[in-house]
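One line per chain: the protein sequences are A and B, in this order. Counting from 168, one number per residue, gives the positions in the first sequence under the working numbering. Counting from 212, one number per residue, gives the positions in the second sequence under the working numbering.
Worth flagging that the hints you see were computed from the coordinates, not collected in a lab. All values derive from a computational prediction rather than experimental measurement. Certain hints may be false.
[Claimed, not checked] BS3-like, lysine-lysine: derived pairs with alpha carbons at most 30 Å apart: (1) B:K238 with A:K269; (2) B:K238 with A:K228; (3) A:K228 with B:K265; (4) A:K269 with B:K241; (5) A:K228 with B:K241.
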Amino acid sequence: MLPAIEAQGRPAADGIFIGPLVVLDSVTTERQNSGDPAAEQVALESAITHAIADIAVLAEKADAEASEILGFQIAMLEDEALRSPALLEIIRGAAADKAWSKALDAEIVGYELSDDDYFRARAADLKDIRDRVLRNLAGFSSQATAGGVVLAGEDVPPSLFLEADWSKGGAIALSGGSPSSHVAMLARARGVPMVVGLGSIDFTGRSEAAIDGAAGLVVLDPAEVTRAPNGKAALKC
Amino acid sequence: MTDWISADVLITHAVGLHARPSVKLTKLAKTFPCEVQISGTADGPWIDAKSIVKVMAMKARQNTLLYIRGQGDAAPVAVAALKDLVAHDFGEVADHVASD
Chain A
168 MLPAIEAQGR PAADGIFIGP LVVLDSVTTE RQNSGDPAAE QVALESAITH
218 AIADIAVLAE KADAEASEIL GFQIAMLEDE ALRSPALLEI IRGAAADKAW
268 SKALDAEIVG YELSDDDYFR ARAADLKDIR DRVLRNLAGF SSQATAGGVV
318 LAGEDVPPSL FLEADWSKGG AIALSGGSPS SHVAMLARAR GVPMVVGLGS
368 IDFTGRSEAA IDGAAGLVVL DPAEVTRAPN GKAALKC
Chain B
212 MTDWISADVL ITHAVGLHAR PSVKLTKLAK TFPCEVQISG TADGPWIDAK
262 SIVKVMAMKA RQNTLLYIRG QGDAAPVAVA ALKDLVAHDF GEVADHVASD
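Build out the structure end to end from the sequences listed, making use of the hints.
What follows is the structure, given as structure tokens:
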């Protein structure tokens with residue numbers, strides 16, 4: 168087991184939790200270009216339609232705040248203006264997934280360059296939409312996780328947060344992210360401890376994490392954690 | 212070609228024309244048959260008020276004077292309705308008061 172390391176980030180949601188670490192992979196989809204623009208166009212339109220339907224199902228089960236966040240994602244996906252640059256790329260011979268990524272990445276950069284925290288945080292919603300459609304194009308469905316774990320990665324998409332079962336507890340530790348993100352709002356509402364901005368933290372080979380949301384503190388493979396019977400822990404490193 | 216019907220209104224919502232207000236504004240705009248456009252200046256560039264992608268891309272913040280114009284069937288009603296939505300904080304009055 169690797170020695171414990173402590174990392175300081177920014178607090179996003181209060182609370183303390185210790186549990187197994189689940190590192191989220193970025194979507195790496197390889198899909199064959201059919202070479203037929205008409206077929207690629209149908210593939211993209213169908214992936215978007217399925218994404219809208221899946222998010223709508225999620226929204227039905229969600230509370231008011233979560234369903235408004237998902238409503239925003241649906242409205243973006245339904246807007247012709249979001250997909251039209253991708254459809255244009257497809258006519259020029261691009262594969263559906265490459266064309267969609269390129270179109271969405273251009274939108275995402277626009278948000279990431281904003282000097283306003285709120286608008287910058289919307290980049291996470293656009294990435295969520297992008298990756299959901301890419302997963303549909305590649306033919307695999309969601310990354311839904313069991314509860315009771317520490318979700319770690321560069322960022323956690325809002326729809327993944329809503330698909331996870333938080334009734335068994337859990338926490339979120341992100342190298343990127345933002346306290347203004349939709350996931351941070353949801354985490355605060357649900358009492359899920361969350362730390363963002365951990366920067367160069369390396370989750371590789373780590374199996375457990377302890378989180379103090381209010382302090383913005385994360386300890387990987389904690390050695391000296393006082394475990395309480397309820398699964399919560401007092402952090403000491 | 213009929214003339215554009217225009218109005219302007221101050222965005223008072225605490226975080227500006229963000230996700231939820233943009234959803235409400237575009238949904239309302241889509242209920243009208245006419246063209247409805249918005250801009251951050253009186254001279255444009257004008258963007259389609261029915262496209263959330265374009266409305267969000269404006270990144271209009273609190274205290275931005277929003278210009279609204281419409282042309283075609285029911286344009287005066289559409290412009291008045293959009294102005295009313297923005298003037299009343301997109302129906303998020305409680306949020307706004309809490310953040311004051």
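Hints and how they fare:
1. B:K238 with A:K269: Within the cut-off at roughly 27 Å; holds.
2. B:K238 with A:K228: Status holds; Cα separation ~22 Å.
3. A:K228 with B:K265: holds, 29 Å
4. A:K269 with B:K241: holds, 28 Å
5. A:K228 with B:K241: Given that 30 Å is the threshold and the Cα spacing comes to 26 Å, the pair holds.
This entry satisfies every hint, going by the numbered hints stated previously.
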